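Asks: Whenever a hint applies, use it, and build me the whole structure from the sequences.
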Amino acid sequence: MRDISTSINKVDNDEKTSGKAIYVADIKLDNMLYAFTVRSKIAKGKIIKIDYPELPLGYYIVDYKDIPGKNIVKVIFDDMPIFTEGDITYLYEPIALLIGPDKAVLSKLFAEVKIEYKEEEPVFAWKDSVIHYHFDKGLGKSALEEGKIIEYVYQTGYQEQAYIEPQGFIGYLETDKTTLIGSIQCPYYVKNAVIQALGAKDDEVRVIQAAVGGAFGGKEEFPSLMACQLAVALKKIKQPIQLVYEREEDMLVTTKRHPSRINFKASIKDNKINGLSVHVGIDGGATIGLSGVVLSRALIACTGAYAIDNLDVSGDVYKTNTVPNGAFRGFGAPQMFFAIEMFVEHIAMELGLDPLEFSKSILAKQGDYTSTMGVFRDPVLMPEMIEKALEVSDYNNKKTMFKKQQNLKGVGMSLFFHGCGFTGSGEKNIIKAKVRLKKQFDKVEILIAAVDMGQGVKTTFRKLVAHILEIDIDKVIFNNPDTDFVPDSGPTVASRTMMIVGGLVARATKEVKDRWNEGSFVVEKQYEQPDYIKYDESNFKGDAYPAYSWGVNVVEVEVDRFTYQVKVNKTWAFYDIGKAIDERIVIGQADGGLAQGLAYGYLEVMNHDKGKIMQKNMTDYIIPTAMDMCSMETYLYENPYAYGPYGAKGVGELSLIGGAPAVAKAIENAIGKKVFKIPVTPEYIMELMKNGKD
Amino acid sequence: MVKAFVAKSLDDCLNILNQENVKIVAGGTDMLIQNRTHSGIAIGFKTDVLYVSLVDELKHITEDKSNIYIGATCSLEQILENNLVPKILRDSILEMASPAIRHTATLAGNIGNASPAGDSLVCLYLLDAKLEIKSINSTRYQLLKDFILGVRKIDLAKNEMITKIIIPKINFDLVYFRKVGPRLSDAISKLSFAGALRMENNLVKDIRFAFGAVNIFVVRRREIEEKLIGIDKKTIKDMSDEIIGYYSEFIKPIDDQRSNKLYRKEVCSNLIKEFLEKI
Amino acid sequence: MAKIKFTLNNEVVEIDKDLNMRLLDVLRNDFNLTGPKEGCGEGECGACAVLLNHEIVNSCCTPLANVMDKEIITIEGFSITERYRIIKEAFAKTGGVQCGFCTPGMIIATESLLNKNPHPNDFEIKIGLSGNLCRCTGYNLIIEAVKEAAKAGEGLW
Ligand SMILES: Cc1cc2nc3c(=O)[nH]c(=O)nc-3n(C[C@H](O)[C@H](O)[C@H](O)COP(=O)(O)OP(=O)(O)OC[C@H]3O[C@@H](n4cnc5c(N)ncnc54)[C@H](O)[C@@H]3O)c2cc1C
Ligand code: FES
Ligand code: FES
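Chains as they are written, first to last, in my numbering: chain A, 1 to 694; chain B, 1 to 279; chain C, 1 to 157.
Quick partial rundown of chain B residues pointing at chain C, CB under 8 Å, derived from the structure:
#	residue
1	Met-1
2	Gly-40
3	Ile-101
Because the hints were derived from the structure by calculation, they are not lab data. Remember, predicted model here, so these are calculated numbers, not experimental data. A virtual CB, placed ideally from N, CA and C, is assigned to each residue, including glycine.
Replies: Structure (structure tokens):
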């Protein structure tokens, strides 16, 4: 039998290439109405009065007064109203939906809505901490009382997911059942949020996933807000309604990657980091949502790929009157890995040591303690991966050679990991994933809530089941999740899908295999945490993740000496993801993630001016084109994880994490100045070349 | 409802322009985006519009002894692929937008849009381009630099349209165009630069500099260029600081969501250096 | 409203419509051709790309008036051709499809490019794809797909 990693064609290629795949905006229902969102024009204050134009027959306003259940979007920290009741906390906060059959009429009515506000002074500074975390490891702060002290501050900006398909839902009522079809990552997040908004019973809400045109975290929690609004409208109007954002609205109002400021202080003894003190500040925007979880992932990653005995770790989520920030591939880790990778490099430079040798000397090994006193239980292949990286990229040679050259070329290397699955006891206590397989004659249907948003879930899961059962992949069925049929296997996030859900599916499949001759039956499996995983959430103690995926990126750049523009010439990437369930799909994840990570590091600028996002369309928010990207070489390492199917660990997020630090270090190497923030734009490079630190 | 007139010939255009109060749409790549409202409904033009892109008479690129003539409805891609067109103009068009946009967008539209970031304008100023402008009862010729009156302001009467872009034939020994955008393709310029040089007996005979997106107008200063005529090759190569100084008062960029003043100004200076290095 | 005639996927069609509509909306709403997608609505992403007289254009910034008497081919029309089959197989083979939202546009861009230049080099391929944004793939596997298609379809273009 062929090794499972051997690639097959993706099962949904044909429908996608031929344009037949149905995305939300492609669905038309009889008597369908359209919804526009009425939004605040100020960042903070109170609504005094709203004057809606007179509505023609068949046009409606839906606002908080129409909500039958709770006016709160159920996320993780529930503090976002579905529609404001008068308090405005950020620009473009949703106030109401304006709904009707003719978009031209809606557009006219929309322009006639008049709202009076009492404005208040908005807060943009990072001072109102709404979540504060702190933990120590070893000696904590006291380790910083001796040795040589080195301190630096690092900053990261917003990043927009920029999925090419904007957010959207379509909804209708089937007798009493509110049915929503959406571009979503988490069918059950949406369903549970809608149940709470409507005060409905479990069987009164149905959520179906349409083809998803990219998500990257952007369709994790945000869709729940839209779904609640739409569900409320459906209850009132009882006619099918489409709520699809256009690009500008999407960019102005949807969640983005949290900007961060990370302060590091290290004490150095015998050329080793004796103690590390770190503070992470992130901008949560106007609501907390899942900012706390993003912060904890960042904090837990504070040692980077290294073993450091003494830690004093703290962080805050700040509330500001800006658009709420949320999930984005990597979830706090990209911010932290940028910072720690730069810091370790800068420490080495200050100590007059070779940065890579220094990094290698403090690398975490199997058996070492993590920042939270968990253990890296599985073998860590980093030394081998670094050796390979040096060899194929000719890193050392280039690094010295480029330093001497007139033209501004540079190479940079980043070392990183990603904790797979939910942080802490999330899987056990909150998600409690459940999967179901239905065997009927010679076919098996996979019933899970995992969403294929391009990452290939439909292919890899069918392949997994077919491979275990030794049957043809055509005999395995996997339809887009529909909450009326699939159990809650959890959200499609946190690089958990193959490792956790796939692990469960593999277990269920083995049972199907054992009972193959029984005819038609159903097998269900529920997540059980491996016994050794114990985590104390409130004290940040124990194993925060069951397993870790590891990576090394090398990036070569050239900086234009006249315009300071950066051109990425080539990348080399090395990933330990346990086991690839399909190599080509993993390479696709690797390339795409690295492209996002690189662009986060040097290209993608987003900022706000008094709460207004300045780059509000694809013209102003710059993501890479084919011209900007370069050839990427990827090497995969096998290092099976006992509880993952065939040993698979997380893939999806890992590849985004190393891009920014690697490109930032490559630029440092090219210009001979230290980089402290991303994106490293030409404007910043110019500033560094004039006044930067050597 | 906003009315749409579709012209099939130049006569159609001129007649409609004469009778109706219309705004011209060529490729529409500026007009549609600027007047966009919502998907699914008609473009929110403020006035009636005249579509000219079907006018085949204006889809030709021709030459005579002294000039190249580019018809107003030629697509950018068509211009890009035509060897009659001076290389520097084609270089600038290659850096505009993407193939999909270039297949419909026109050079006349880039001029008519009169944006300080219009990429072709820098080269057209550099080349002393002229326009042929027609109305039902007149044909006039105007230098591009006099035609553009400000940001989105042009010297065009209600009943007139651009029919040709006229580019004088000049041989340069060195031409150089550089668009500085936020990424390597398909993006609006932070700034752009064009330079051209002709030497005779090792002395500067004709030297030109033009800068885009750093002032309301493309910056081209003849009085500065004239100062440099007659200087020998070695000397001019070393004159970057002086030349940068001359241009300093004219390069007045702004801060915006794409870049900042300091960067734009400094890179203009650097590109003067780069151009001189190439001599 | 005005009557307008053009060729759509090899069939002459006539429709009575406001000529100030975007071609994209007319294709999607009046002809039910949802292969062209709206990703940005401002000419930037190429998800809405179609062939106009066999060259790629963005239907979101093409007014209906401009297609009068012209020939439009959408992914639906293109997908019955041999060239499509070659391109599609190349995308499958290299792994050029992820979420698929950019894919119809990418296929149209590939066809437009190969139609003009059957043997493009890497740089020409990048130019050819430069108006089609893909957030999933990082482009490499798509570039590979174009090369693969050019090779496998030798003689077709
Ligand atoms: C995604 C995208 C990327 C772009 N990238 C670039 C870029 O890189 N660089 C750049 O410079 N521009 C860029 N543009 C802007 C635009 O494509 C160009 O300005 C283009 O040349 C406009 O041509 P058009 O025929 O589409 O103009 P239209 O939109 O049809 O018209 C533009 C203006 O010109 C007027 N006009 C058109 N024809 C005539 C005529 N014959 N006589 C008088 N007035 C006329 C119109 O009334 C209107 O005011 C981009 C646009 C988009 C959508
Ligand atoms: S939708 Fe037309 S280019 Fe993006
Ligand atoms: S495959 Fe998702 S945008 Fe290209």
